[in-house]
Amino acid sequence: MVSVVYEAPDSIQGAVALLAGAEVPARPLAGGTDLVIQLQSQKNEPCLVVDLKKIPELMETTLDDEGLHLGPSMACAEFSSRDDIRSIYPGLVEAAQLIGSTQVQGRASVGGNLCNSSPAADTIPALIANKASCLIVGPSGERRVAVEEFVTGVGENCLEKGELVQVINVPRPAAGTSDAYLRFIPRTEMDIAVAGAAASITLDDDGTCSAARFSIGAVAPTAILVPAAAQALVGTKVDVAALEAVADAASAAANPISDRRGTAEYRRHVVGVLAKRAASIAAERAREK
Amino acid sequence: MSEAREYKYIGQRTIRPDGFDKVTGRADFGADLSLPGMIWGKILRSPHAHARINKIDTSKAEAHPDVMAVVTHQDFPAVTAGGFAVGEGQVDFKDLSKNVLADDKVLYHGHPIAAIAAKTEAAAEAALSLIDVDFEVLKPVLDIAEAMKPDAPLLHADLFTQGLAEQPEKASNIASRMELKKGDIEAGFAAAEVIVERDFSTPTVHQGYIEPHATTVRYEADGQSMVWCSTQGHFDVRAIISTLLSMDLSKLKVIASEIGGGFGAKTTVYLEPVALMLSKKSGRPVKMAMTREEVFRASGPGSATRSRVKIGARKDGTITAMKAELNYAAGAFKGSPMAPGCMTAFTPYDVENMYVEGYDVVVNKPKAAAYRAPGAPQAEFAAEMVINELADELGIDPIEFRLQNAAKEGTQTIYGPKLKVVGLVECLEAAKNSPQYKQALAENQGRGLASGFWFNIGGQSSVVINMKPDGTGTIIEGSPDIGGSRASMQMMAAEELGIDISRLTPVVADTEHIAYSATTGGSRTTFATGMAVIEAAQDVVRQLKERAAAVWNVTAEQVEWEDGVATNVASGEKLSATEICQSAEKTGGQVSGRANINARGAGPSFAVHLCDVEVDKETGKTDVVRYTAIQDAGKAIHPSYVEGQYQGGAAQGIGWALNEEYIYSEDGVMENAGFLDYRIPLSSDLPMIETVIVEVPNSFHPFGVRGVGETGIIPPLAAVATAVSDAIGVRMGDLPCSPPKVLKAIQDAS
Amino acid sequence: MAKTHVTTSINGEATEFLCEPNETLLAVLRNELQLTGTKEGCGSGDCGACSVTMNGRLVCSCLVLGVEAEGAEIGTVEGISNKENLHVIQEKFLEHAALQCGICTPGLIVSTKALLEENPDPTEEEIRYYLAGNLCRCTGYDKIIRAVMDSAVVMRGDA
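Chains as they are written, first to last, in our numbering: chain A, 1 to 289; chain B, 1 to 750; chain C, 1 to 159.
Simulated from the structure, these hints should not be mistaken for lab results. A couple of the hints might just be wrong.
What the hints assert, rightly or not - No farther apart than 25 Å at their CA atoms in a straight line, the calculated lysine-lysine pairs in the BS3-like style are these:
#, chain 1, residue 1, chain 2, residue 2
1, B, LYS8, B, LYS55
2, C, LYS83, A, LYS53
3, A, LYS131, A, LYS43
4, B, LYS119, C, LYS83
5, B, LYS55, B, LYS281
6, B, LYS310, B, LYS418
7, B, LYS119, A, LYS43
8, A, LYS43, B, LYS60
9, A, LYS54, C, LYS83
10, B, LYS181, B, LYS438
11, A, LYS43, C, LYS3
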């Protein structure tokens, strides 16, 4: 007889104990917009579902002088309704808002998006561009991992058995910094990203770019940081030529596959277009600050 | 008959009578019926696109305590019947029997092989893995051109091409060839001063109804079995099942649930015969419902095509020759809509010399099902693209070019009959005068237009109108309501009877409670069932007049009927319908009117669509920024539902042109079998769709009705593709115009 | 697999049911509770036909486990009209002929109500994007958008 067991612990320690002690595959459940579908196609496989939505710390997001302390189980709809967060990290919020539909937004979480670790996840490039890191808690204690190191392969991440993400920290950006995330999809909503690009840009008072971080998604097994794109922009006034160089750098860094959502060649081209457009938007936002 | 007649109801926007149930969730669709003792059925589907079945071993499944019945093709009686017409297509019973459950071969990934019934859906699904199938895997063939090659893997050893001069000796994947001609095509091209010849392709697409196929059945060995299913035609479901399972018609009652979309694809059967056999073997009612993935893998689709069209004209704009070769993918069994495609391709044009050759080709994909004007969108897409290119070459406005060569009353069609009064010219004029056509385009924008033609059908409909003692009435008809037709029936009956529309209740009855009515399809319902409703209402009026005459002791000729009231011409006395019904017991009993007809004189519907798009030239992404759908309805009974047909057809056509396609692996497995990656238009993908209802009445219908359901899906393919071509300066010929294709066209050109 | 006992509230009514831990809320609503107004179109959150509200938020019930409904407030299409009258949104859908086959209609009505409670004065674009997760194959969306805009007018009291 197939056995699926559902538990809803009310503390992080309780969750860790359940995940660490499971004798069958343990599946952490946040929004469920990926997991519930997977469970339907795996109806005959035993597993332990550990609901992470009854643990208050995982559901709350705070913003302070250090930056953003993002509760990984919080629904994207709630996250993106926070004007205080949006005003500082508009790109991160727009990435979170692009996941699925309004209905999916009502459940899906940034933590879930990160831990599902799809190459096309929308929030991951935006997190990377904003220098986000995860505080991971597990049976042997705590450790911190930068988001760009967190995802290790297609659908794979660095979490060991029993570990979960307790909070995603995004540092407060320097003055004159803003971000943007763009993705390409064939329709206007709903589709999984064919390519995605996030940019965080810092401008001096005279409009010169003093710092930048670029991350591209859906064009490699994991989202990747593109230092060459940042180098192409730093020191420039974000002019057309600099933006073209950003596009070229992003395209060069991409390592896409061809699948039902796009050819490698197409993805490589489009991610460049997105990177320069995201840079342009982030720069415009930085100017307005 | 219907010129400038003042109507009380016809042309109004009434509230549909079934609306309350639909907006409250009370309406019962295919998967909404549960019966006491009901168990669930699930289907084991082929993991291979092409394979021989050596052996099916169901013993482990049969032995499992959860399993209550197992069914394979061996449980079906041998089919001897040939074929019959359903809707607008032909059913071959042998093929259908093998499609429902595979016999000696599986012919597409997802092809049903066996079925299990168990107490829960999960238990039935789990038990499928207990069935062992021994396959000899064969190479699949997925592409029309590949399938037509002489050395292609053959799907059927007994399929010999029909329609050739000599009966071939070798089996083939080409099921049939068709040829239509008019005039002298060689002379026509010789007379042409400008000729355009192009190749086109359209992908496999799905009708995309939001409701998956579903059924609940109860087999009764000693009585009448019951099938509840989501279908466009429950009478034809009854006929098909009775043939497949060798059951008398009287042993089977089919109830049409509310239907959540069909677009032609719910005119056949998939689950119902299987569910009945599971019910027979288990002694329990059985429910079966397809998952969305099953819907994509094993139902529909609309045929993929490859075509070549060549059109020649004189410099003054007179078209002298039109030629096409149209190749259709039928899927696993013969019977793509190649024939209607050949017949409609050039019908919007009055041209002396035409030649069309068509091929029906089997491939290892699901068996094609009808899809809204089956065959015509693909054929007319190719024709309209060449027409637009030719207009460009000649330097003539595309509307003027079409007006100059437009089909009209008396035009000889390529398929035989002469057209009677039709409204193409009126649609073209409306396009010319439309606000959209006058609006200037912005940068990166393009415009395209195209016309469309569909014949529409009549056929059998039966209606009974039962008047009640309080003067209200029930309209009993047999046409499943796929888009609001009950509203039109209510209106036509109210108009004819002259009583208040709120006093009439239309009901779609099951196969026991109304006589045979043909499938809701072919744009026939408002026309043919409407005609039967009108005739039944006239029968009621005749009887009410007779009853009044009896009360007044006069003859029926001395009674007038108007606005639901009988008047004694001589004395001026009046009796309302209500009063006559209230005293019906005294005058001979309750009054029922009826009509059983085979409607003739269905009028074709022409359409012209305009599409403006904007293309992002760095990504190839297309946005539809403005759209106008103009179509001849003859007479719009309920304008909102007529507009709805225009808009719905346009949306499907836009999806077909821009993003919809089946994506297959080399092994013949569909990779995008879900609504995530099979991309139908979303609300955010479309603008408001402007509509213009042209009314050139069809004199064969009392109110002038022409069917409108299908034509609207035809023009969008070429209207959109031409608009994209216009925006990027490169002619697109392969649908869909998805972003990678558009970007490549832009890059290749620069 | 042992079934889990769940206590929840559906359309304001206290409700209990038993379900398998991996059974979706959609399956529970339709099969355990006979609330068949909520429809299954795809089972994977791509069509919106199964839309319900959960603690005031619009969600796809095919993406929620039945066990997650414990202690929650669930709103389905059956709870939209009051006992006597249709909700304005339902009336406007009928008036504007914003449905043809009607299978997507329950999901759209639930979604529209959620939209207008969150944003009483949405633009056409905002409506289209909010409802992008509700697929309709029959109407081309035009009349649906008009019905929503007209509902918004009435609900704001601007009629």
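We went through each hint and held it up to the structure:
1. Annotation: proposed proximity of LYS8 (chain B) to LYS55 (chain B) is violated, straight-line Cα distance about 66 Å (limit 25 Å).
2. The suggested pairing of LYS83 (chain C) with LYS53 (chain A) is violated, with an alpha-carbon distance near 34 Å, which exceeds 25 Å.
3. The suggested pairing of LYS131 (chain A) with LYS43 (chain A) is violated, with an alpha-carbon distance near 38 Å, which exceeds 25 Å.
4. In summary, the hint linking LYS119 (chain B) to LYS83 (chain C) is not supported, as the alpha carbons are separated by about 35 Å, beyond the 25 Å threshold.
5. Distance hint between LYS55 (chain B) and LYS281 (chain B) is fulfilled; the C-alpha atoms sit about 21 Å from each other, no more than 25 Å.
6. For a cut-off of 25 Å, the pair hint linking LYS310 (chain B) to LYS418 (chain B) stands: about 23 Å separates their Cα positions.
7. For the suggested pair LYS119 (chain B) and LYS43 (chain A), the alpha carbons sit about 16 Å apart, so the restraint of at most 25 Å is met.
8. Distance restraint check for LYS43 (chain A) and LYS60 (chain B): the Cα-Cα separation of roughly 20 Å lies within the 25 Å cut-off, and the hinted pair is therefore satisfied.
9. For the hint linking LYS54 (chain A) to LYS83 (chain C), the alpha-carbon distance of about 35 Å lies beyond 25 Å, and the restraint is violated.
10. Straight-line distance between C-alpha atoms of LYS181 (chain B) and LYS438 (chain B) comes to about 38 Å, which puts the hinted pair past the 25 Å bound.
11. Pair hint LYS43 (chain A) plus LYS3 (chain C) holds up; C-alpha atoms about 15 Å apart against a cutoff of 25 Å.
Checked against the numbered hints given earlier, this structure breaks hints 1, 2, 3, 4, 9 and 10; the rest are met.
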